[in-house]
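**Q** Chain residues, written in single-letter form:
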Amino acid sequence: MSITISGISFSYGERLILDNVSATAEEGQLLSVVGPNGVGKSTLFYCILGLLNGFRGQIKINGDDTRELGIKEMAQLVAYIPQSHYPSFNFSVFDMVLMGTSHQVSSVSVPGKKQAVLVEAAAERLGIAHLRDRGYTQISGGERQLVLIARALVQQTRILILDEPTANLDFGNQILVLTQIKSLARDGYTIIQSTHNPEQTFMFSDRVLALYNGKVLASGAPSDIVTEELMRKLYGVDIKVQSLFQDKVRVCVPTVVVEDNHHQSGFE
Amino acid sequence: MERSNKRGRFSYSSIILGLGVALIVIIILSFFLGRYPITPSELFGIIFSKIFPIKQFWLDQMETIVFNVRLPRIMLACLIGCCLSAAGASYQGIFQNPMAAPNILGATAGAAFGAALAILNEGNYLTIMLSAFFFSLLTVAIVYLVSKRAKGSKLLGLILSGIIVSSLFAAGTLFIKLVADPSDELPAITYWLMGSLSGATRKTVAMVLVPMAVGLVPMFLVRWRINVLTLGDDEARTMGINSTQLRLLIITCATLVTAASVSVSGMIGWVGLVVPHLSRRLVGNNYRHLMPASMLVGAVFMLIVDNVSRNLLQTEIPIGILTAFVGAPFFVYLITRRGEVY
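If you're matching them up, the sequences are chains V and U in order.
All the letters of the first sequence, read from the start, carry residue numbers 13 to 280 under the numbering used here.
All the letters of the second sequence, read from the start, carry residue numbers -17 to 324 under the numbering used here.
Rather than coming from a laboratory, the hints here were simulated on the basis of the structure.
Built from N, CA and C at the ideal position, the CB exists for glycine as well.
Among the hints, erroneous ones may be present.
Beta-carbon label-pair distances, calculated as ranges [said to hold, decoys possible]:
#1 V:184 - U:153: 57 to 63 Å
#2 U:202 - V:180: 33 to 39 Å
#3 V:265 - U:263: 48 to 54 Å
Kindly generate the complete structure, drawing on both the sequences and the hints.
**A** Right, dumping it as structure tokens:
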């Protein structure tokens, strides 16, 4: 399933947040949206999800205009994975994942065995089956993120949208979560995620969309985007990009650190 | 470790079943309480004579007391406890706020104003109820609309507009008391505001039963979906739930049952806040179990409190006073207890 964004513009009152943004995510692709804070990444996602409707341009999923799809139809096509959060009430991990089945269950009914089976399978897939009966607010941030991904799998959509899935996670959990996301893309899911870390973007994405001031600054393969010039434009600081392991990894280092001799001597 | 469908050795379903059994036992015991003594054999004789031909061995007076005094009162206590608790649990879910309750959202203050206004205008039972209902819905609507326009945190906006609108209507009620005739209207309003079930008759029960059923049934049926709403509108929408519609439905139902309760019993506070929290301790936060548990715990709680209210002293203690005496310390215990954080 593919998703095509053509010429999306969105403004809050006078302020233009998105300006003629276009992008495509193909089946089995992991598209990362990068850019500084407040650049419109979340707004773009809200437009795709149908949570914001006052945008110009068009978003098509498998050729269908999203504006013509109802809430339930959208939920059958696209699942949203927010940043791991603390809800007002503590639900068990099982109950939390089960909520992903909402669109399959009649309004006046409760989920049954069929839905429970989906939950068990998704939990198994993401390696969180042992957390089944724990409280969602009592597990780690990385585990909470995996729970939310499991909830999206239970929703049985082929498109996943993740809002900074590694924000607020420690290093190990970031890698754990990104590995799972990448493996979902390999299984044929179409995935769009926003991210802050250029190194991880390079390692895990298939395509990258760089947004700056609401406009598309660049888009393409990670090797075309994670470059010294683009990183400087995007984040407004001088960055050295070093290629390692036959360009499997690129390391981004602030120029001020590698070229400042005084700085170095300060560590001795 | 907390199990998703269990608490200790008991599954949530069996806890709910246990609560149902407890309710039935307490209902039966409540028939024996009162100034006029009735023995168990007399009680069962009176009840079963309606179904089986049993030769009357009790006084006609006893039958009147059972069917016209104690039965309506017991039913009303159960219904009101059930309604206020279900409304409280629902409000907490849809406003994503553990502190939400009929009192906080202005539903009770509005109903009180409406009833006082009707008493001032020499209204009968029906007009008191209709007026209470109308103003209760009006208050919640105002609170909801004001909070939607409030800047900043939505949850804080809701609580704040609840406080604002509640105190406005409370001032209105005070003004009505000021101009009310001190010989008959003022005592009627004052006593009514304290909350009491002493006016229970078969007619009042029949009157409130309809609006209560109309509100309770949808709340029970959509209970599982309230879980998803507690995560916020955006997240709920992406999971295929029309959050605006569902929220509106639940607000209307919860306000309807609150108004129906307040219109016959006056101001009974704390139940809508304390009972859902007690129920959360018993069956967890999943509304699939929380909703029926809150309804049953509410009925049990209110029936016990009402039994105390009519039997503790020679004169009846208004039930609103007792629920506050029980509710306030209990809530202090709940929020200071170690364990789950709200």
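**Q** Could you work out which of the previously given hints the structure breaks and list their numbers from low to high?
**A** Hint check: nothing fails, all pass.
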